[in-house]
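These protein sequence lines are chains A and B, in that order. If you're matching positions, the first sequence starts at 842 in this note's numbering and goes up one per residue. If you're matching positions, the second sequence starts at 2 in this note's numbering and goes up one per residue.
Source of the hints: derived by calculation from the structure; they are not laboratory data. In this text, all values refer to a predicted model and were calculated from it rather than measured experimentally. In this text, a Cβ means the ideal position worked out from N, Cα and C, and glycines have one as well. Wrong hints could be hidden among the right ones.
Heads up, simulated DSS-like pairs for lysine-lysine below, C-alpha to C-alpha not over 27 Å straight-line [said to hold, decoys possible]:
(1) A/Lys1221 with B/Lys11
(2) B/Lys123 with A/Lys1221
(3) A/Lys973 with A/Lys889
(4) B/Lys11 with B/Lys236
(5) A/Lys1172 with A/Lys1118
(6) A/Lys1118 with A/Lys1197
(7) B/Lys19 with A/Lys1221
(8) A/Lys1251 with A/Lys1118
(9) A/Lys889 with A/Lys1129
(10) A/Lys973 with A/Lys1197
(11) A/Lys889 with A/Lys1256
(12) A/Lys1221 with B/Lys236
Not everything, but these chain B residues come out facing chain A in the computed CB check (under 7 Å) [said to hold, decoys possible]:
(13) Val12
(14) Ala13
(15) Gly14
(16) Gly53
(17) Val56
(18) Gly65
(19) Leu71
(20) Glu74
(21) Cys78
(22) Ile91
(23) Ala102
(24) Ala106
(25) Gln107
(26) Arg207
Quick list of the computed label-pair ranges, beta carbon to beta carbon [claimed, not checked]:
(27) B/Arg191 with A/Leu1191: 48 to 58 Å
(28) B/Gly135 with A/Asp1267: 31 to 41 Å
(29) B/Arg191 with A/Leu1234: 33 to 43 Å
(30) A/Thr1214 with B/Gly176: 38 to 48 Å
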Amino acid sequence: MSEFATQLGQDLPGRDQGLPDWVAAVRARGAEQFINHGLPTRKDETWKYTRLGFLDQRKTRLATAVNAQAEPEWPAPIIDVEQQVRFLDGVLQSGSRNFASGLKMFSLRDAVKQNVPGLQKLLETLPSTHDKHLSADGFSALNDATLDNGMVVHVAAGVDAGRLLTMWSAASGSSAKLFNTRICILLEAGASLQWLEQFETAFDHSNSTNVVVQVQLAEGATLRHCRLQHESENAGLVTRTEVNQQATSSYSYFGFDLGGGWVRHDLHTCLSGENAKTSLNGAYILDKSRHVDNHARVDHIGKNGYSEQYFRGVAGDSSKAVFNTAVHVHKGADGAEARQSNANILLSKLAEIDTKPELEIDADEVVANHGATVGQLDEKAVFYMRSRGINELQARQMLTTAFCRSVSDKLIDRKLASALAQRIMDVMPQLEDPDE
Amino acid sequence: MLKISNLHAKVAGKEILKGLDLQVNGGEIHAIMGPNGAGKSTLGNVLAGREGYEVTAGSIEFNGKNLLELEPEERACEGVFMAFQYPVEIPGVNNTYFLRAALNAQRKYRGEPPLDSVGFLKLVREKLKVLHIGDELLHRAVNEGFSGGEKKRNEIFQMAVLEPMLALLDETDSGLDIDALRTVAEGVNRLRSPDRAMIVVTHYQRLLDHIVPDFVHVLADGKFVASGGADLALKLEEQGYAWLEEGGIQSLQNNEPDKGSGQATSQ
């Protein structure tokens, strides 16, 4: 294990008298795992394209308090949302609150004390990430070990709680910090919520954030999740979203990686109940030397589950994107339908995209297809546009933008779709002159 | 306006055009007919500047400029337009947005200010009215999911908005039923003007019932083997292209064009 991880292990918080015994047990278990196995390394199959050396190089330390002396400048929300909460340096900036819509938002501490139904079980059972080495779960173990900051959202049965926006930003700090935060979203039977996350900081910083999101969808519940990651050039962000779906529940995810220095997202949904649906979508648009790593995984357990994945990526300059998608249709998950589609465009010779689809089927009457491509633009389309007077660079720019907009165009929320389309256009990397 | 002299061109190492001459003046409509593989589409692609079409000899002059030296977008800005045989689908790029980008690129080239979206929409409405086509194509992605007829209509609509000096219609009639053919031909006829020349490339005579050309040229094996007036097309329809192999060129060549300005000769 690296010296760096050993140092982090030594900085782990001790016993907190303000937290109940079962939380202390979760923390102790996480601490033990982390101290024994540390952070992921490139020997771990699911981390082999991901370099973590930067954390050490920056002498990143575990954060213990918010960095900032004063309130920083908050970026504008992607769209106006009334129900809004903010995280600064991974720490929730408001107290627990009951919104008029029926949405209940707790700080993690309050939620633990008030024993929000289902929370204990959720926190005690963060699953492994399916890698044979325990070090692959290093960030989750660290998150368990530091369990304290965070938010719990609860929506009662049958309630449509509308839109909730969580804004994530960092405060300036002279030294690099690692923030750990836990988010739990609990939707009771038939409840629904549209949840937007925005990771964005108005200035460049070298902090890193480690967020674990746990979602529990009871029978017939619906969560529409959209995440905009537009972090600054050096920011580190490692997130894990774990979704568990009961019968007839529905989960949709739209992720947009438009920034960040080093970004990793493990997105996992488990279709536990019958007739559950999940739709995972994303676009990543990289320039400079950004590294964005997305790992999507769907487990079909219940019968007649439906899953689809649609991801589009563009890498320019010397950036690097990793996209890994896995679908496992387990024994007994008969009648499952699973679709995976991932296409990528490389805009420069120095950029790199690694994509790997995986499909494992152990059930009957399954419909499944997958495709992953890394390529260039459609040259026929480029010529067609040029033949109308549009110069080559502009034609390529328009085509690349359209390629990524095909993701935001799928959003039902038209206002959100158009705001995201604008962001996509704004960040589209300038293309290299093909003649050079 | 357009002067093609002794044009030789290769595609994938194979010589397709073998010494082609053509002069087109403003206001004229020239039809180019010929059997499959004669080089009809190659001529269009060479004019538009598609990659992979190598000109090995000869010249193309357009309004005094050497067309072959220009990039495809520069040719468009100079006033050359090709209506594609197979218009390309561009998912995610809105038709209106695309056309405005194209028009403004051409305006910029000519030193004119760009049209804003209001001004552009006004122009578009006028053109749609002239062409008698609805506005449903405007809101969709370029050619995406369009029927064959819609794609060809969209080409004519683009031509109406971009107002080229020379339009080349590459087998615009292929894949169209008779009603769609009529609509497209009517659109083309409305865009006829004394300043605009058109080259209509077609395999069949039926399009020429609707777009009556001033000149008809027969292309075979990379050269023009006959030229004449509109009635040459009728003769071709009757006799097919079989006479090309049977030495029937002489009799067809007796058809002199009605007007003297256009000319095409075999080498």
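So, going through the hints one by one against the coordinates:
At roughly 19 Å between alpha-carbon atoms, A/Lys1221 and B/Lys11 fall within 27 Å of each other, so this suggested pair holds. Between B/Lys123 and A/Lys1221 the alpha-carbon distance is near 30 Å, which puts this suggested pair outside the 27 Å criterion. Note on A/Lys973 and A/Lys889: the hinted pairing holds, with a Cα-Cα distance of about 13 Å set against a maximum of 27 Å. In summary, the hint linking B/Lys11 to B/Lys236 is not supported, as the alpha carbons are separated by about 31 Å, beyond the 27 Å threshold.
Between A/Lys1172 and A/Lys1118 the alpha-carbon distance is near 18 Å, which keeps this suggested pair within the 27 Å criterion. Taking the CA atoms of A/Lys1118 and A/Lys1197, the gap is about 23 Å. The hint holds against a cut of 27 Å. With a C-alpha separation of about 26 Å, the suggested pairing of B/Lys19 with A/Lys1221 holds against the 27 Å cut-off. Of the pairs offered as hints, the one joining A/Lys1251 and A/Lys1118 holds, with about 16 Å between alpha carbons and a cut-off of 27 Å not exceeded.
Straight-line distance between C-alpha atoms of A/Lys889 and A/Lys1129 comes to about 21 Å, which keeps the hinted pair within the 27 Å bound. Distance hint between A/Lys973 and A/Lys1197 is fulfilled; the C-alpha atoms sit about 18 Å from each other, no more than 27 Å. Between the alpha carbons of A/Lys889 and A/Lys1256 the distance comes to roughly 38 Å, so the proposed pair goes past 27 Å and is violated. For the proposed pair A/Lys1221 and B/Lys236, the alpha carbon gap of about 37 Å is over 27 Å, so the pair is violated.
A least Cβ separation of about 15 Å between B/Val12 and chain A goes past the 7 Å threshold, and the interface hint is therefore violated. Taking 7 Å as the C-beta cut-off, the interface hint given for B/Ala13 is violated, the closest approach to chain A being about 15 Å. Checking B/Gly14 against chain A: minimum C-beta separation of about 19 Å lies over 7 Å; hint violated. With its C-beta approaching chain A no nearer than about 10 Å, B/Gly53 sits outside the 7 Å limit, and its interface hint is violated.
Look at B/Val56: its Cβ only gets to about 17 Å from chain A, farther than 7 Å, so that hint breaks. Hint on B/Gly65 is violated. Least Cβ distance to chain A is approximately 20 Å, over the 7 Å limit. The beta carbon of B/Leu71 comes no nearer than 11 Å to any beta carbon in chain A, farther than 7 Å, and the hint placing it at the interface is violated. For B/Glu74, the shortest C-beta to C-beta distance to chain A is roughly 5 Å, which falls under 7 Å, so the interface hint holds.
Because the beta carbon of B/Cys78 sits about 5 Å from the nearest beta carbon in chain A, less than 7 Å, this interface hint is met. Residue-level restraint check for B/Ile91 holds (minimum Cβ-Cβ distance to chain A is 5 Å; threshold 7 Å). Evaluation of the B/Ala102 hint against chain A yields a held restraint, the C-beta minimum of about 6 Å falling below 7 Å. With a cut of 7 Å, the hint placing B/Ala106 at the interface with chain A holds, because the nearest CB-to-CB distance is about 4 Å.
Hint status for B/Gln107 relative to chain A: holds, with the closest Cβ pair at about 4 Å, below 7 Å. Annotation: B/Arg207 was flagged as interfacial toward chain A, and the flag is violated, the nearest CB pair being 26 Å apart, outside 7 Å. In this structure the supplied range 48 to 58 Å holds for B/Arg191 paired with A/Leu1191, their Cβ-Cβ distance being about 51 Å. As the Cβ distance of B/Gly135 to A/Asp1267 is approximately 34 Å, the hint placing it in 31 to 41 Å holds.
The supplied range of 33 to 43 Å is met by B/Arg191 and A/Leu1234, whose beta-carbon atoms lie about 35 Å from each other. About 29 Å separates the C-beta atoms of A/Thr1214 and B/Gly176, a value inconsistent with the hinted range of 38 to 48 Å.
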